[in-house]
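Asker: The whole structure should be built from the sequences, with the hints applied where relevant.
Protein sequence lines, in the order shown, are assigned to chains A and B.
Position one of the first sequence corresponds to residue 1 (the numbering used here), numbered consecutively onward.
Position one of the second sequence corresponds to residue 1 (the numbering used here), numbered consecutively onward.
The hints are simulated quantities; they were obtained by calculation from the structure and are not laboratory data.
Backbone N, C-alpha and C fix where the C-beta goes; we use that ideal spot for every residue, glycine too.
A couple of the hints might just be wrong.
Unchecked claim - Partial pick of chain B residues on the chain A-facing surface, computed with a CB cut under 7 angstroms:
# : residue
1 : TYR32
2 : SER34
3 : SER68
4 : LEU129
5 : ILE386
Spelled out, the chains give:
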Amino acid sequence: MIMLFGVTYGQTYLVIVNKSNNINSISKSELSDYFMKKSVKFPNGLSVLPVDQKATSPIRTSFTTEIHNKSVTAVRSFWQQSVFQGKATPPVEKQTDEDIIEYVSNNPEAIGYVSSTADTSTVKIISIK
Amino acid sequence: MTNHLSLVPTMALILLSVMPLQAQDDWEPQTYVSGYVNTLAEVTNQKDHKEANRNIGLGLANVGFLISYKPRPNIEIKGTFVWDQQIADLQTLVVEAYGIYTFSNKFKVGVGKFLTPLSPVNTYFYAPLNPSVSLPMVVTHYLLTPQSISGLQLSGEFGNDFKVNYNVTYGNYTTIGQIRTGVIGLIGRESAVQIIGATTPNPDQDYQLGGSARLAFEYGILSLGFNYFHGTRAFLPFSDLTKLSIGNFNAFSSRRTAFGTDIHLNLNDRLRLNAEYWIGKNQSKDEDSNLNANTQEAEDVSLDYDGWYAELLYTVGKFTPYIRYEEVDDIRSILYAGNPRTVDPTMGAGIPNPNNPTERIPWGTQAGEFRIPTNALGVGLSYRPIYELLLKADFRSIKNDVNQDAIDFSETLRKERFYHAIISAVFSF
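Answerer: As structure tokens, then:
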């Protein structure tokens with residue numbers, strides 16, 4: 001894999017956080033735990049606010065397969081079960097890359113992922129270890 | 001006389017007025033909506049159903065709707081509504097409706113109506129969550145615990161790798177009972193009044209006070225739970241041995257207590273083992289309604305119940321086959337020689353003892369117990385090719401084992417093993 005500006009070549013998405021967040025990299029397991037709400041705080045103590053792509057997004061399919069090792073159906077079923085059980089609610093979903101970038105830039109605690117071609121000038125890209 | 005817990009809305013207002021209102025100008029309220037439509041095709045060879053031409057059925061079984069709204073990061077307002085063919089009133093339609101405030105992960109306070117949170121089994125109540133069509137009988141008989149409790153809930157979780165969960169819920173519940181539903185009447189759901197077709201002495205649907213407590217431990221692939229329920233009012237069935245028949249039951253006012261333990265193993269969401277064991281006690285109370293006409297003293301009687309199940313599930317891709325074995329002994333009634341409340345003790349020496357005809361059982365005294373222990377072996381398969389569609393198929397072999405204390409009074413309740421096959425299509429959104 002070729003690392004280019006924090007992007008692993010072949011990866012179709014970029015993981016982004018608010019510019020005020022001081023983390024620079026994250027492991028796959030940490031990233032999965034944040035989006036499955038198994039971990040609720042960053043190492044720096046900041047609360048985690050994950051934001052997901054819409055269910056039909058091909059970016060979400062790539063992210064879910066590579067980070068969670070599950071299908072989107074399996075993850076959606078997990079969240080349906082969690083909500084009915086009263087355990088947790090799923091991450092916020094946004095329709096477009098622009099919506100996600102705006103959400104992350106407005107929320108210091110947010111973490112999301114967008115297409116590798118999106119304009120990420122208002123947020124910070126972090127690498128996946 | 002009603003016994004509503006009117007403190008609940010008052011406490012909700014007090015909680016809302018003293019809660020620290022965090023400045024969350026950047027917080028965007030979150031709404032989550034989900035629901036399902038569940039259609040069944042069922043077939044059975046149980047003799048009663050064959051004779052009534054009800055051994056095959058196809059139709060809409062239940063419809064569920066859930067909405068969750070988080071106006072602030074630590075407040076959630078949630079409602080779940082489930083309709084099925086036997087829905088009798090609006091309060092049964094509302095399965096859950098509550099608000100919950102999260103002080104921290106260790107301490108949450110909720111007010112409203114909750115699905116009785118005694119074990120994960122209760123969550124199988126919702127069709128998309130259950131990999132099998134049929135639920136374990138300790139749940140569907142609804143004779144040990146109520147489906148929902150309205151009132152106050154305290155809950156939380158401690159720990160990271162080793163977690164301890166607790167949940168205490170107290171408030172009002174509707175009197176525990178079961179009514180048959182599904183398209184051919186072989187699936188149970190909770191009913192506020194009916195107990196196996198009985199007419200209770202006071203068919204009111206008032207709320208009664210009761211509460212549940214759960215303590216669970218999770219570590220890695222294993223979770224272990226301990227559960228307790230106490231209800232201040234239930235119905236303890238009794239029947240006249242001389243007039244024993246389906247529907248001819250009466251009941252003493254009673255209180256109910258139940259204890260359960262559950263264990264769950266989960267290996268990477270592929271191989272799962274679930275098992276539960278429950279015991280319960282139904283103890284009479286209320287001297288006025290339980291008075292014996294002979295002795296003019298209150299009947300001090302009790303019935304014990306138990307039930308357990310164990311199931312194994314294995315997920316391969318989009319398929320999840322399962323196998324489950326279960327036993328319940330919770331359909332019981334105390335038998336009397338004549339109705340103890342109304343019997344005329346001057347009628348004679350009593351009735352012949354069914355187990356020893358040379359002996360007589362005096363009028364108005366206990367003549368044993370009527371029981372229908374039931375066991376079932378089920379196998380099934382679920383397939384969820386896409387999120388929106390879940391297909392399930394179950395095959396169960398069920399045995400009613402009516403005890404010998406009762407005269408074989410009914411063709412429909414003789415000892416028999418019958419099968420019940422179900423196919424379900426659940427559409428979710």
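Asker: Where does the structure disagree with the numbered hints, that is, which hint numbers, in rising order?
Answerer: Hints that this structure does not satisfy do not exist here, as all of them hold.
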